[in-house]
Amino acid sequence: MPLALLKAGFRSRAKAPPRELPATPDLRKSYDVVIIGAGGHGLATAHALATTWGVRRIAVLDKGYLGGGNTARNTAIVRANYLTPEGVTFYKESMSLFETLSQELDFNIMYTRKPHLTLAHTDASVRTMRWRAEVNKHLGVASELIDEAKVAAIEPCLNMSRDVRYPILGALHHPVGGTARHDAVAWGYAIRGAQAGVEIHQLTEVTGLRVEGTRVRAVETTRGTIEAGQVVQAVAGASSLMARHAGLRLALRTVPLQACVSQPLKPVINSIIVSGSLHCYIWQSQRGELVMGGAVDPYPLWSTRSTLDFKEGLMAHMLELFPFLAEVRMMRQWAGMADMTPDFAPIMGKTPLDNYYIDAGWGTWGFKATPVCGKRMAECVATDTQPDILKPFRHDRFTHFDQVGEAGAASVGS
Amino acid sequence: MSAARLPAPFGRLVDRERSVTFSFEGRRITGLAGDTIASALAANGQWMLSRSFKYHRPRGLVSAAGLEANALVQVGHEPNVAADRRAITPDLDVRAVNTFGGLDHDLGRAIGLLSRFMPVGFYYRTFYTPRAAWKVWEPVIRRLAGLGTISPKAPHGYFDKAYLFADVAVIGGGPAGLAAALAAAEAGAEVLLVEDGPVLGGSATFARPEPNGVAAVEALAARVQAHPRVTVLTEAVCQGLFADHWLSVTQGNRLNKVRARSVVVATGAHESPAVFRGNDLPGIMLGSAAQRLMRLWAVRPGREAVVLAGNDDAYEVALDLAEAGVRVVAVADLRADPGSDPRVGAVRARGIAVHAGTTVAEALGQDNHVAAVRLAPVTGPGTFGAVGEPVACDLVAMSVGYVPATALLTQGGARIVPDDATFMPRVEDLPAGLFAAGSVGGVWTAERVVEDGTRAGRAAAAHAGHACPVPGPVAPDGEGRTWPIPVFPHPKGKEFIDFDEDLQVHDIIDAAAMGWDHIQLLKRFSTAGMGPTQGKLTNALVQGLLGRVTRQVAPRVGTVTIRPPITGEKLGHLAGRGFEPRRLTALHHRHEALGATMMVAGTWMRPAHYGPDLASAVEAEVAAVRQAVGMIDVSTLGKLEIRGPDAARFLERIYTWKYETLAVGRVRYVLMLDETGGIIDDGVAARVHAEHFYVTATTGGVDRVYRLMQFFNAQWRMKVDIANVTAAYAGINVLGPASRAVVQAVGTTVDLAPDAFPYLGVREGEVGGVPARLMRIGFGGELGYEIHVPASQAGALWDALIKAGAGHGLRPVGVEAQRVLRLEKGHVIVGQDTDSLTHPLEASLGWAVGRKKTDFVGKPALDILEARPQSRRLVGFALDPAAAVIPKENHLVIRDGRIAGRVTSITRSSTLGKVIGLAYVEPDQAGEGTVFTVRADGGTLVSATVVPTPFYDPDNARQEM
Ligand SMILES: Cc1cc2nc3c(=O)[nH]c(=O)nc-3n(C[C@H](O)[C@H](O)[C@H](O)COP(=O)(O)OP(=O)(O)OC[C@H]3O[C@@H](n4cnc5c(N)ncnc54)[C@H](O)[C@@H]3O)c2cc1C
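Keeping their order, the protein sequence lines are chains A and B.
For what it's worth, the numbering used here labels the leading residue of the first sequence as 1, then goes sequentially.
For what it's worth, the numbering used here labels the leading residue of the second sequence as 1, then goes sequentially.
Rather than coming from a laboratory, the hints here were simulated on the basis of the structure.
A few of these clues could be false.
[Unchecked claim] Anything over 10 Å on all C-beta distances counts as not near chain B; from chain A, calculated:
(1) 25
(2) 26
(3) 72
(4) 96
(5) 149
(6) 214
(7) 287
(8) 320
[Stated by the list, open to error] For lysine-lysine, the following DSBU-like pairs were computed, each having C-alpha atoms within a straight-line distance of at most 30 Å:
(9) A:29 - A:7
(10) B:492 - A:7
(11) A:15 - B:54
Even for Gly, the Cβ is constructed at its ideal location relative to N, Cα and C.
Build out the structure end to end from the sequences listed, making use of the hints.
This is the structure:
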C-alpha cells in the first residue's frame, strides 16, 4: 500500500487533514505579474513563473472558482497528431510534459495512454490521415495510417460493417494519445503554485484594464483595482472580451461546444475513437462513463446552455459506430464556450502592449496544451521575448495572412 | 408468497390475480403484475439489491422512486436499470451490478475493509510513484469502477421519435399538475400532461389519505383524463427543458419532442434522508418509500419499525405502518418539541413511544439488513449526546424533510435560492411562460396545492394566448416540514451522505478542510453528486454540511445545477431511427444494374467503377474515353442559377475571374476564395443569357458556396436571384472522340458542328427529346459534352445514349477513371490538390485571377500573399520508371531532412505508360526537369522529376476538336 494512504489511514478522524489549497487571501495593492483566468493555462503559467523563473508576487484572478471554465468542461483528450509541423512540434512538447506531470506536481493527474484512432470513412479522409501520419512521423510522433483489419483489432467493438452510411475504411492510429483528469491538472498546478507563493483569487472578476500609452498600468476587479508589472490573459471563452479591455482585437469567434457522459459501465471501449465525417468522439473514463462529444455548435453564442439537438445528432452518429450502446443511459450533458480561431491554431505570446501577454484561441483543443502553455507563456513573460516554439502563433498572424492551417486535424472537438 | 402482501386498499398498482415470475441472480422470483422489480423482491424478503460502488456494502431501497444508485440492476443486456421503477415482466433476467461473484458472496467486500486507507480524493495522492505504477493501477481501477455491463453483442432495439405541440405542457401529474392541466384546458388551451409514474395522482397515490382526499384526487384525475383538450402521457419522463420551451419527453422507446407555448412544472418534492452511522443498511428508507411499498404494491416494509421524524408527516408514516401491522417500536423526533399536531397525538394514543429531541445515532446490521438502532439526544447541529442501548427493528423510516424537484425549473432559467425559514430552496425569477405549481414552488397543504395548480394552469393558458382571469399567488407554507441538515457525524464514520459515490460525512468535511470549499470544487474533488443519479437525493445535504463546516450562510455556498437528462434517457432515444441522408442521383439504379461499385462522395453515392475489379475497370474505362467514348454521371455537381441585371457583376465579386466580358453562349472556369485568399471551390459559369448564368460547384462544396453567395449578397444587395438547383438537374458527361457521333445519333436540336458549337460553348436545346443544356467542357481532355437535363428525364437520356453508343464502343465511366483522366490533363481538384490555405498562385491557378479587377472575395489577402516570397508551388511530376516504390497521395517531399512539400495526386497512367502526379515543392524546385525526393511507404526515398502539365495532349487539340 502506498505510504501516503497508510499515513492518511492512520490519522485520527478527529484531526482535520492539512489544508492544501489556501483560502483566497486579501488582494494586495500591486503584483509583479497578474494572470487573469485561473483555468489550467493561467495556473500552469503562474506555477512555472514561480517555480522555474522565481517570480514572486503573482496573483491569479478568476471570476468563478478555480478551474471552473473550459478546464472543468473538456473531455480530457490529449494527443500530438496534428497536421502542421508548427502544431505537431508544440503539442509534442506538451505530451512529453504530461508524461511526468504527476511526479512533477506530486499529484496524480491520471495521465493515461490510450490508442487514439481517427477514423477515415472516405478516400478523402484516408488521404488526410496519411498526410497527418507522415508529418507526425517526420517530427518523431508515433502515428500511422492503418487499415480496417487493424482498426478492428484495436477496438473490436466498433461496427466494421460495410453496409452502413459511412463505412470505416481505415484510421489514423496514434498509439501515444491519451487522457488526463482535467480537474486534477488545474488542481495540481494550483496546489504547487500556491506552495511556491502564487496567490489564487477566486470569485474575483476582472472588469477592466487601465491602459496608459503602451502599458497596462492596473487591473480593475470586483474586489478593487490592482497595479501590475506584467499582465497575462488566459480566459479562453472570454478572450475577445478581455482583449477588448486592453484595446486589442483578436481573430476569434466564441462558439458553444458541448459534451456529455453516460452512466458508469464496466470497461468496454478501450481506445479513443474520433470520427470527423460523423462529427463524434468517445472514450471510456476510469469511472466507467462514456465521455462523448462532437463538433462545435453551428452558431456563435456567449452561452453555456445545452441543447437537445446536439445530443440527438451526436447519438445518431455514435450508434452508427457502436450500435450496441443504444440501451446505455445518459448521465449529464453540458457546454463550454470555445474561442475559435480561423485556422484552428492558438494565439499566444506578446502583444502590441509592452507588458500584456495573451494565451487564447484554445477553441476545442486547449486542454492538451496546458503544460506547454504554462512553460512557454512563463518563459515569454519572464524573458519578455516570444519563444521560438510560440512564434508561429503570434496574434498578428491573421493580419499578415500567416496562418497555421490546423483545420484538417482539429475540427471535431478535442 | 401472498402472506407478505397487505390487504386492499393497500397495493393499488398490483393485480393480485396475476402473478409474474422472473429471475434475480439466477433465482426464480414470483411477484404480481404491477410490481416493480424492487417491490417484487421485497415481497419475497429480498431487500438487498446491490453492493455499493466503492466499499461493496449491502444496499437496498431508499426512495423506492429511482433517486439513488442503490436500486440499479442489470436486466438482460440492459445496464443500470432502476429496479424501483421498472415493472416486472415474465422471464426478466435480473442481476446485481458491480459484484465480484454475486450479490451475496461479493468478493469486493474485501475493499470495504480498506476503507480507512481511502480518504477523499485518495487517488490523487497515490498510484503515480514510480511512474509505471499508474499503468498497473489504472486497469484495476477501471475494472472496479462502473456499474452495469454492456455487451458489444447487445442488440440495437427499435427507438423512434415523435413531435408534439401544446399550448401548455404540464410536467407532473400530482394534485398540482392535475389542477393546472384542468384549469388550462378549461381556459381553452391544448394541454399535454406528462407523468412519470404509471398512474395519475402523484404523492396522493401513496401518502396517508386525508378524509375524502383520495376520492377528490381521483375525481380530479378523471376530469383531466376526460377533458378533450388534455393529452396525458404516463410512464413518461420529461428529461430536459431546453430553450424556447423545447422539452424532451421519453416514454418507452420513444423520444417525444415537445414545443409548448408555456410550461407548468409541478414535479413536487422528494424526501431527504438523514445521515447517521450505518444509514445505508437495507431496511433504512424514506418514510415515503415505506408508504409507496405499502400503498402501491401492498408490500409490508418490515415487522418492527423505528420512525425518525423531523416533521409531522413522519407521524402519518407511523400511523400507516401501524395500520399495516408493522409494530412501531419508537418514533425518534429530532425536534425538541414535536408539537401538538393531532397526528402526533394519534401516534401517542396508539401507545407508540415518542422520543423528542432524539436522533438515530447509529444503525446496526445483521445478515445484510438493519437489525437495531441506537438512539441519542440531539445536542446541537449535527451533534448528539449519550448513545442508548440497541433498539431492535428491521425497518427505519425517515421523514425528516424535503427537497423540491427543481431541476427543470433551473434548466428553464429560474433561480433557486436557499430559504432559512423553510430550509428548502425557493424558486425565484421564473422567466415568462414558465410556471411552478405545488410543492416544487413551496406550496404544500392539499387544498392550497390545488389552488396553486389552478392558478399556474390559468396563468400558463393566459400566457399561451387563452385569456382568462388569473388568481393571485398562493402563499407558500413550507415552514416546519424540513429539519435543517439532519447529518450526524459519528466518531467511527460510515455515515453515508452520497450513496451513489459511497461518500461518508468525513469525506466532505475533510475535502472542505483541505481547501475544496467552493461547492463546485467540493463536488468535483469529492465526487459528491457525480454518480448515476447526479445526487438528486443527497446534494442538498452535502451543500448544507458544507455550509455548516465552513460556517457560510447558504447563499454563499451556492447550489449545483442538475443538468439534463433527469433519468433513464438512453442513447437509443436520442439517436432514434438514425436518418442519415444518403443522396442518390437519378441514375443510381442504372449504375447498380451495370454492376457499379459505389462509393461515398460527401452526402452522395457515386459509381467508383463498373465491375468488381478496380484496376481492370479503370484501365478499360480510361481507354474507352481516350479511344472511343465514355459516359460519366456528373449529377452530383453543384448547380446554381444566377439571374438578374447584376448577375455578371455578382459573379465578378464572388469569383476571381472576369464574367462581364463573357459572351452569351460561352463557358468560363470559376474559382472561389475565402477572405484569407485560400481556395475554397471551383467549377464553371455558363452564360446562357445576358442576365443569366448557370454555374457549377464541386459536389462537396456547393452548399457552402450557395450559403456564401447568399451571405455576401445580404451585404451587397445586388440585383440577383440565386437558386441552388443541384437536385433538379442531372448531368451526363459524354466524353471521347466518338462523343459527337453518339450525341448526334441520339438526336438533338443543337448544331454540333465544331464551329457552330466550339469548345467552351454552351447551348440549350433538346437531346433525345429531352430539354437540355449542353456545355463543351470536360475534365478529361477529349471532345465532350456535359449534358444537363431535368433529373426526372435523366434515365431516358441515359438509356438513349447507351443504345446510340453501342456501335461506338461507349462505356459508362466511374469516379476512379475520371480521376485518372483529369490528372492526365493536370487539372486540380479543390480539397485534394489544395488545402485550407492554398492560394491560386501556389496551385498554379494564377491564370484564373482577373488581374485588372479591383475587387472580389479574397482579393486584399491575395494581393498581400502574392507580394511576398512564395513558399511552395504545385507542379506536375513524373516518376522514374525504375522507381522501386510508388508513393501515395500525401507522402512528403523531403529536402535536406525537412518537409518541403507533399504529393497531392498520383496515378499510373496507362495512356502515357508512366506514373504521373501533382506535388507541392519549394519554388526553387518548381522548374521543369528538377528532381526532387519523395518519402514513400517504409521510408523509401523516391526521385521524381518536374514535368509540364497537361501531361496528356499538351496542346489541348483533342478537347477542342
Ligand atoms: C466540451 C469541451 C470539450 C473539450 N475537449 C477537449 C479535449 O478533449 N482536449 C483538449 O485538449 N481540449 C478540449 N477542450 C478545450 C479546452 O477545454 C480548453 O481549450 C482549455 O481548457 C482552455 O483552458 P484555459 O485555462 O485557457 O481556459 P479556462 O479553463 O476556460 O479558464 C479561463 C478562466 O478565465 C476565467 N475568466 C473569464 N473571464 C474572466 C474575467 N473577466 N475575470 C476573471 N476571470 C475570468 C474563467 O472563469 C475561467 O475559469 C474542450 C472544451 C470544451 C468546452
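Now for the hints, and whether the structure bears them out:
1. 25: 12 Å, holds
2. 26: 17 Å, holds
3. 72: At roughly 7 Å from the nearest Cβ of chain B, residue 72 of chain A sits no farther out than 10 Å, so the non-interface label is violated.
4. 96: 13 Å, holds
5. 149: 17 Å, holds
6. 214: Residue 214 of chain A is indeed farther than 10 Å from all Cβ atoms of chain B, at 25 Å.
7. 287: 5 Å, violated
8. 320: For residue 320 of chain A, whose nearest Cβ neighbour in chain B is about 7 Å away, the distance does not exceed 10 Å, so it is violated.
9. A:29 - A:7: Given pair residue 29 of chain A, residue 7 of chain A is violated - Cα atoms ~40 Å apart, limit 30 Å.
10. B:492 - A:7: 18 Å, holds
11. A:15 - B:54: 24 Å, holds
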